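Q: This is what each chain is made of:
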Amino acid sequence: MASNELFRKTLIQVRELLKHNKISPEDLLTVCQHRMRETSALNYFTNAVEKHDPLINSKIDLPLKGIPFSVKDNFYTEDMPTTCASLMLENHIPEFNATVVEKLHAYGGSMMGKDNMDEFAMGSGGCESQFGPVRNPWNYSELEVEGNDDFYVAGGSSGGSAAAVAAGATFFSIGSDTGGSVRVPAAFCGVVGLKPTYGALSRHGLVPLCNSLDVPGIFTRSVADSAFVFNILKGRDVNDPTTIKQQIPNSRVKPEEDVKGMVIGIPKEHYIDGTHPDIRAAWDKAIQQFSDGGATVIEVSLPNQEYVQPCYRILCCSDVAINLAKFDEFEYGRRARHGEFKEELNYLSRDYGFSEKVKRRIAAGNFFLLEENKEKFINKALSLRRMIRGDYAKAFGTKDSSVSLFASTSGPLPCDLLLTPTTSVTSPLHSSFTAMADLDGAEEQDPHDLAGVPEVDYHVTGINIAGIPAISVPVGLSTNQHGHEMPIGLHLVAWEQQENKLFRAAKFLEQESNFQQWVENN
Amino acid sequence: MNRWFPLIGLEIHAQLNTKSKLFSNASKKFMATPNSCVARFDASMPGTLPILNRKAVELAVATSYALNCQVALKSSFDRKHYFYADMPQGYQITQQRAPLAKHGFVDYLSESSKMKRVHIHQVQLEQDSGKSLHDEKEGLSLIDLNRAGVGLVEIVTSPDIRSSSDACSFVKEVMKILQYIGSCTCKMEEGEFRVDANVSVSADISVMGTRTEIKNINRFKGIKQAIDYEITRQIKILQEGGKVVNETRGLTNSGETVSMREKESAYDYRFMPDGNLPYLILHTNESIGKAQHKNAINVDEIRSNLPTLPSEYRRRLQNEYPFEKDIIDFMLENKMAEYYLALVAHRPQVDRMLTFDYIRVHLLPYLERKELSFDECPLKSNDLGDLMYMTHSYQIDGSICNKVYQEALDTNKSPVQIIKENGWYKISDETMLSSWLDQVLDEVKQQSPDLLVFPPKRRKLETAVKKLTSHVIGRIAIISDGKAHAKLMRMIVKKRLDMLIDEQREEQKSSGASS
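Just so you know, the protein sequences line up as chains A and B, in that order.
Counted the way the numbering used here counts, the first sequence spans residues 443 to 964.
Counted the way the numbering used here counts, the second sequence spans residues 6 to 520.
For reference, chain A alone in the conformation it holds in the complex:
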């Protein structure tokens, strides 16, 4: 089989080929390595695996045998640098594998590299890596041909993971999602991005951003692939006390899915200004498809959505301040040469190691954590969190013990899923994203400004606050003002541990929209 065909396949497809000996694991490796070289300008890896272990031709049919994958560079990998795209961890080589990495190895997967990302997973563009921004594969060559050195952003913070899958360098990748960091880049790069229930996948070996929100996420080229990898990675880990104790059932995706009898909620607060008309149209079209497919589509309300970003910023910055405190010159990073006292050394080394944005978040986090601000910020954020989760519980008709105050038994029909766009815009050019997210720091950052980048994160962050699963599915393309076609992602949300419902509806969307991933590559 021609190699230029092979990299376009999905994981499930290449598994079939491997199983029937149509291709060998070596073929796959060669194809992906070739693809990596071809698309290296996209900068999706911080470090690529140079030497691959000879693939053992064992008779054991490991589920991922020989399948190339990559993991975000905030997952610990034994004997390979784990940088979090920060100078602070530039040469940091861990001595153990994250649980998800360990599992992928155990199931026979073949690691290609570590995915570039926003430094310490803070960002939504994939542009804030200290090793340079990740570039979106979509229209990259067109811009080059046009002589434009601008590029489309891959989204963040797991930009490298999304771009690697979209570029065909790996068949799936692992990112982390704290406030949308898997689903946003998935939407921008036209791949499937799953954010599982908090605690469904182990965080052991994941360098934390916000401990109570972080969850490993999965990038694939199809919904069935996503379910396949999810089934492998989910489950209790003795090294992570926050993993779910009960057994999570396996999710199966049929070749054809229907949505008969499902109740799909459309949260009215998600009709927001500034949504691109194509995205709005794609959303409406999907609503129609669900309705035509036999689902009941109803309007629901998530009244506290406007507080999602402030709540998220406070919780996240506070954890950032705490989690990054361990990065002092004693154990990590470069030790400053000039410092005389411990405090001075520490200050200089941290000043060197962290970027401006990270430093700003540390400062903001410490500000929120001050005793005098506890009532004003942290305690408010904690109660907002309960209210936001309560909104979702109500929409899903769930009696959640922690939010029983809000979940009333009588009310609108309980939803199986919620449907919104993933982002309100398609991937912007780097230049416009920089302005949008104020990356150059044109405006003085005020810790009280807790808005985030609404065009990008409005629809996705509440899911992390609630700890529930969601998936972004590419459904079509939108032509922007530069005449470039960019992918559109729609966002399905379920109640906790109901990933199976997500996959079913996502598969339905996938088959109805017939999204063509490789429309512009070649």
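Rather than coming from a laboratory, the hints here were simulated on the basis of the structure.
Predicted model, so just to flag it, every value in this text is computed and none were measured.
C-beta atoms are modelled at their ideal positions from N, C-alpha and C, and glycine is treated no differently.
A hint or two may mislead.
[Said to hold, decoys possible] Simulated DEER-style distance windows between Cβ atoms:
{"id": "1", "chain 1": "B", "residue 1": "Ile-286", "chain 2": "A", "residue 2": "Asp-700", "range": "38 to 46 Å"}
{"id": "2", "chain 1": "A", "residue 1": "Asp-700", "chain 2": "B", "residue 2": "Ala-103", "range": "25 to 33 Å"}
{"id": "3", "chain 1": "B", "residue 1": "Lys-136", "chain 2": "A", "residue 2": "Asp-521", "range": "36 to 44 Å"}
{"id": "4", "chain 1": "B", "residue 1": "Ile-286", "chain 2": "A", "residue 2": "Glu-468", "range": "47 to 55 Å"}
[As the list claims (entries may be wrong)] In silico SDA-like links for lysine to any residue, alpha-carbon gap of 25 Å or less:
{"id": "5", "chain 1": "B", "residue 1": "Lys-295", "chain 2": "A", "residue 2": "Arg-678"}
{"id": "6", "chain 1": "A", "residue 1": "Lys-768", "chain 2": "B", "residue 2": "Phe-276"}
{"id": "7", "chain 1": "B", "residue 1": "Lys-299", "chain 2": "A", "residue 2": "Pro-691"}
Given chain A's structure and the hints, the job is docking chain B onto it.
A: For chain B alone, kept in the frame of chain A given last:
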């Protein structure tokens, strides 16, 4: 002249007696090679997560119940932040918002033998910090993370204590409780047990003065020193019209307290719930069935399995015999009470003080030498009871008692068996002993009657009696083939001779009067 009323509250930090640390599987050893007991989590390697030590929770729950606290079935962990090199995470995991237990009390016997009560405000689980060592000569700071992450219970009292001696009595009682339930070995010299003291004085007994906190008292004598120094210092300031500053103080080796930092400018610990740790959910007999996992902890089970506490032993010992406070304290400190009480229950006839002394003088040093507890003692309480009973009832005599005791320890045979096998029973029947005495006195009368004439002619009375006594006893020993109980025999001989002397004295008096 004003009278001043001191008020003292204590915070006790006790290292939990577990094999591994509170949140990691690194072992917990005193004086191990620096940084040899450090798990990845203890070194704050990113991506490592805290795994709560089940044993530590069980010990903390037992401690809470032993301190009469109410245990919370749902408690949570918080992070207390400060930058310090021996605290590599940048925070300590503690329980600030929802501690493990609250509202307890400890009754203790003060030095004046009065029962007093201290209320326990709360009991919480937390991590110990690492250690920094400063090499002044080389200009180096060295860090040892062996202690980092070791599990502690912090016991916070209400300010109920009025004197340093009460504080010491209370701390001793807490130590005993923790040792009895096995939650902490309380070796202050190994840093396993540390005390912070909050001290204030006021001229008005109903008002609390400004307090200072003396941190990290790590020797027992230091508790009294620190509190006494602080009370004196504060009274002096107040008498001179000054104001006590609310501050943290340290205790010097010479027993003085010195200012470390003022509380007003104190560090803001920026407490925050720890997102890596789920709620600590404990179960009762009712709820254990619904627990989601097999490692669930049943607090009712822990409570019903609590060993007998020192206060209960004290009550039982007091009922048993009017011992002095010091003796009871000694028995409690040496964990002798259970053994002792079992012994006297088995042989209620034994002499209480003699038995206590025998254990104190013989058995306790033996156990200490062998590093055994009374539970592990090869000589069971019943056996020692038998031996004591036979000794105190003159079935054997003192020297035989020691011999039997030694052989019982060496051979694991019961004292009764040893005595039987060796025929070491003594004859303590008074008629028998008296008849032997009669026999010997008859002998003396025939062979050297002078010896029985009192007062003697050539000697002093005492010398003559002494000589006669030893002669008589020696003869009885021969006649009885060594079976006469020596101590009892001696008493009978003395009585008889005294009688003899008195008789002769009376005779002489009356004959003298008649002549």
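Q: Go through the numbered hints given earlier and state which of them the structure violates, listing their numbers in rising order.
A: Result: hints 2, 3 break, sorted rising.
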